[in-house]
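Colleague: The residues making up each chain are set out below.
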Amino acid sequence: MSTPASMTAMSSDLRAASDAKHDRLFRWAVTAAGLFVLVTLLAAGLSMFWGGREAFQTFGFGFLTSTEWDPVQQKFGALVPIYGTVVTAMIALIIAVPVSFGIALFLTEVSPPWLRTPIGAAIELLAGIPSIIYGMWGLFVLVPYLGEYVFPWLDENIGPWPVIGALFRGPPLGIGMFTAGLVLAIMVIPFISSVMREVFLTVPNRLKESAYALGSTTTEVVWNIVLPYTRSAVIGGIFLGLGRALGETMAVTFVLGNAHFLTTSLLEPGNSIAATIANEFTEADSPLYLSSLIALGFLLFVVTFIVLSIAKFMLMGLKRREGK
Amino acid sequence: MTKSLKLSLAALALAAGFAATAQAADITGAGATFVYPALSKWSADYNKVTGNQVNYQSIGSGGGIAQIKAKTVDFGSSDAPLKPEELAKFGLGQFPSVIGGVVPIVNLPGIAPGKIRFTGPILADIFMGKIAKWNDPALVAINPGLPLPDSRITVVHRSDGSGTTFNWVNYLSKVSPEWKTKVGEGTSVKWPAGVGGKGNEGVAAYTKQIKGAIGYVELSYALVNKLVYGSVKNKSGKFIAPSIASFQAAAASADWANSKDFYLVMTDAPGADAYPIAATNFIIMYKKPKDKARARQAVDFFKWVYANGDAAATSLGYVPLPPALVKQIDAYWATNFKF
Chain A
36 MSTPASMTAM
46 SSDLRAASDA
56 KHDRLFRWAV
66 TAAGLFVLVT
76 LLAAGLSMFW
86 GGREAFQTFG
96 FGFLTSTEWD
106 PVQQKFGALV
116 PIYGTVVTAM
126 IALIIAVPVS
136 FGIALFLTEV
146 SPPWLRTPIG
156 AAIELLAGIP
166 SIIYGMWGLF
176 VLVPYLGEYV
186 FPWLDENIGP
196 WPVIGALFRG
206 PPLGIGMFTA
216 GLVLAIMVIP
226 FISSVMREVF
236 LTVPNRLKES
246 AYALGSTTTE
256 VVWNIVLPYT
266 RSAVIGGIFL
276 GLGRALGETM
286 AVTFVLGNAH
296 FLTTSLLEPG
306 NSIAATIANE
316 FTEADSPLYL
326 SSLIALGFLL
336 FVVTFIVLSI
346 AKFMLMGLKR
356 REGK
Chain B
65 MTKSLKLSLA
75 ALALAAGFAA
85 TAQAADITGA
95 GATFVYPALS
105 KWSADYNKVT
115 GNQVNYQSIG
125 SGGGIAQIKA
135 KTVDFGSSDA
145 PLKPEELAKF
155 GLGQFPSVIG
165 GVVPIVNLPG
175 IAPGKIRFTG
185 PILADIFMGK
195 IAKWNDPALV
205 AINPGLPLPD
215 SRITVVHRSD
225 GSGTTFNWVN
235 YLSKVSPEWK
245 TKVGEGTSVK
255 WPAGVGGKGN
265 EGVAAYTKQI
275 KGAIGYVELS
285 YALVNKLVYG
295 SVKNKSGKFI
305 APSIASFQAA
315 AASADWANSK
325 DFYLVMTDAP
335 GADAYPIAAT
345 NFIIMYKKPK
355 DKARARQAVD
365 FFKWVYANGD
375 AAATSLGYVP
385 LPPALVKQID
395 AYWATNFKF
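Protein sequence lines correspond, in order, to chains A and B.
The first sequence: position 302 = 337 (my numbering), numbered continuously.
The second sequence: position 136 = 200 (my numbering), numbered continuously.
Quick caveat, the hints were computed from the structure, so don't treat them as lab data.
You may find that some hints are simply not true.
Said to hold, decoys possible - Restraint ranges, calculated between C-beta atoms of paired labels, are given here:
1) A:72 x B:196: 34 to 42 Å
2) A:183 x B:201: 24 to 32 Å
3) B:241 x A:100: 50 to 58 Å
What the hints assert, rightly or not - Covered stretches of chain B, going by a simulated chain A footprint (3 or more residues, C-beta under 8 Å):
4) 223-231
5) 247-253
6) 270-284
7) 344-352
Glycine included, every Cβ here is placed at the ideal spot set by N, Cα and C.
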């Protein structure tokens with residue numbers, strides 16, 4: 036009588052022990068996966084800092100503020116690439132965020148159901164196009180059009196304005212920071228809009244239906260129900276796009292002009308961190324030159340980190356306001 | 065039955081393939097992109113004749129120099145010669161491989177290739193942004209009858225470091241003291257004006273897209289892509305259109321005989337019919353390599369190239385070395401590469 040009972044007890048003990056073992060293994064495995072990200076990040080950051088130490092030692096803080104980039108005299112400064120990276124990414128976001136909002140809201144709230152799948156698939160396909168294709172499209176299709184029609188118009192009509200005008204003055208080359216921002220915008224729209232669409236779909240129908248039942252219009256539902264419900268995830272999606280825009284290399288190299296000049300005009304050529312590294316790495320023939328390029332890579336790391344931190348703080352601020 | 069036969073045949077073929085590669089020596093080289101089309105053609109032809117393989121990676125001159133210094137390849141290649149002191153420091157030797165040149169290209173409507181003329185100082189002034197319009201008096205004076213428009217000149221330069229840039233700015237430094245002090249020379253420089261395109265194709269694409277643009281590319285690239293190039297006034301005062309003949313004239317008139325370790329940049333050559341921005345690619349090897357057999361193989365390859373590679377080079381828009389220079393290289397090998 037007692038034998039089967041003790042056997043069950045024993046087997047359940049055994050099971051418990053093996054379960055605990057499996058559980059421990061599982062925890063180690065996922066912890067290792069989590070740590071892997073951290074270690075990779077730290078290793079990448081540290082090795083770039085180490086590689087760039089000669090540049091930091093030689094130029095000190097001036098490396099950040101100098102616009103000089105002279106391989107002959109061996110004088111390097113990172114301001115032009117940093118400025119170009121940040122400005123092109125900002126232009127990209129200013130264009131991409133509203134458009135992505137539109138796409139995601141159209142797909143989740145307005146579009147007839149039969150249109151959702153094809154547009155959704157189109158967005159995912161756009162996200163899969165290699166960046167060099169965007170770059171070539173930018174150079175061979177967008178640049179001539181911008182240079183012929185858009186840039187001259189901007190130069191003539193907005194150029195004379197005070198303050199803002201300074202952004203839109205310059206020769207109509209068709210190549211420059213504005214063009215790079217435009218191409219980047221098209222590249223990040225698929226990322227931002229597909230995240231937004233997924234997030235908007237998580238809003239419970241109950242909430243939306245209640246609002247509609249109270250007589251809200253679609254606009255009111257979007258602004259008062261959908262957006263507040265999904266705000267933090269939406270900002271996360273935007274910053275995913277921003278991260279991509281900051282680090283994009285190939286497409287930017289094609290249309291940015293790769294010139295080490297600091298100008299206020301968005302119509303003039305500039306340079307970005309990733310483009311500078313891609314262009315000059317193979318022929319960087321002195322240790323200081325090479326070190327400066329690696330230091331640039333480290334600065335891209337820092338810039339991205341700062342931008343993402345600002346995003347996190349913004350999110351925390353929003354949450355605190357909600358709490359009140 | 066048939067299946068197993070096929071399988072064993074495949075295995076046999078595979079084994080034979082391995083055996084063949086094991087027998088033939090693989091020579092490896094790395095460096096300038098400029099010489100890559102010629103080297104890969106030569107390598108394919110050489111492989112057909114001897115069964116030996118030459119693997120060349122076109123990673124850029126700077127990379128080629130770094131790789132040969134690190135002894136990871138049998139030969140390196142650079143568009144800029146190394147100074148004799150630097151060669152001596154590392155125990156390296158160098159010799160020219162093939163000749164090419166850099167040509168100015170323009171985007172101006174109604175102008176045929178070779179018709180627009182430049183002088184060295186004018187090119188320097190354009191690339192410094194001092195001559196900013198196409199109808200500048202200096203340009204009009206040397207281009208009588210050419211429809212030069214009243215439009216902005218946009219300079220297009222290389223955004224990546226390049227031997228093409230080295231030869232271009234080396235020439236500008238030789239003919240313009242102001243360029244020499246303000247900008248200087250190197251595989252990449254601080255450009256006073258303009259936009260940068262990546263590679264010959266990047267410069268060509270920007271030049272095509274921007275009206276009134278001027279850029280510079282290798283001759284072979286300009287010829288293949290039918291770009292509008294200009295002639296340049298040479299040291300003896302003649303306007304010379306870039307062509308294989310005018311490059312050959314430049315190579316023949318350059319003072320190779322008195323150069324140490326072939327340290328000579330051929331720009332601004334003195335010959336009457338010499339094109340002034342001709343360039344040489346250099347091969348760099350150890351004088352006492354760790355693998356003597358492979359180094360010997362590499363020298364054999366270049367020996368074969370000088371004897372049999374001229375037609376292939378010419379068909380690709382390169383200029384073979386003049387016979388006197390080949391003789392000088394033979395003598396250089398005999399005294400320096402004793403392995």
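Colleague: Does each hint fit the structure? Answer for all of them.
Modeller: Quick rundown of the hints versus the structure:
1. A:72 x B:196: 34 to 42 Å: The hinted range 34 to 42 Å is violated for residue 72 (chain A) and residue 196 (chain B), with Cβ atoms some 52 Å apart.
2. A:183 x B:201: 24 to 32 Å: Holds, at about 29 Å.
3. B:241 x A:100: 50 to 58 Å: With a Cβ separation near 32 Å, residue 241 (chain B) and residue 100 (chain A) fall outside 50 to 58 Å, so the hint is violated.
4. 223-231: With 4 residues in contact (Cβ-Cβ under 8 Å with chain A), the coverage given for the stretch 223-231 of chain B holds.
5. 247-253: Answer holds; 7 residues pass the 8 Å Cβ test.
6. 270-284: With 4 residues in contact (Cβ-Cβ under 8 Å with chain A), the coverage given for the stretch 270-284 of chain B holds.
7. 344-352: As far as the stretch 344-352 of chain B goes, the hint is violated, because 0 residues have Cβ atoms under 8 Å from chain A.
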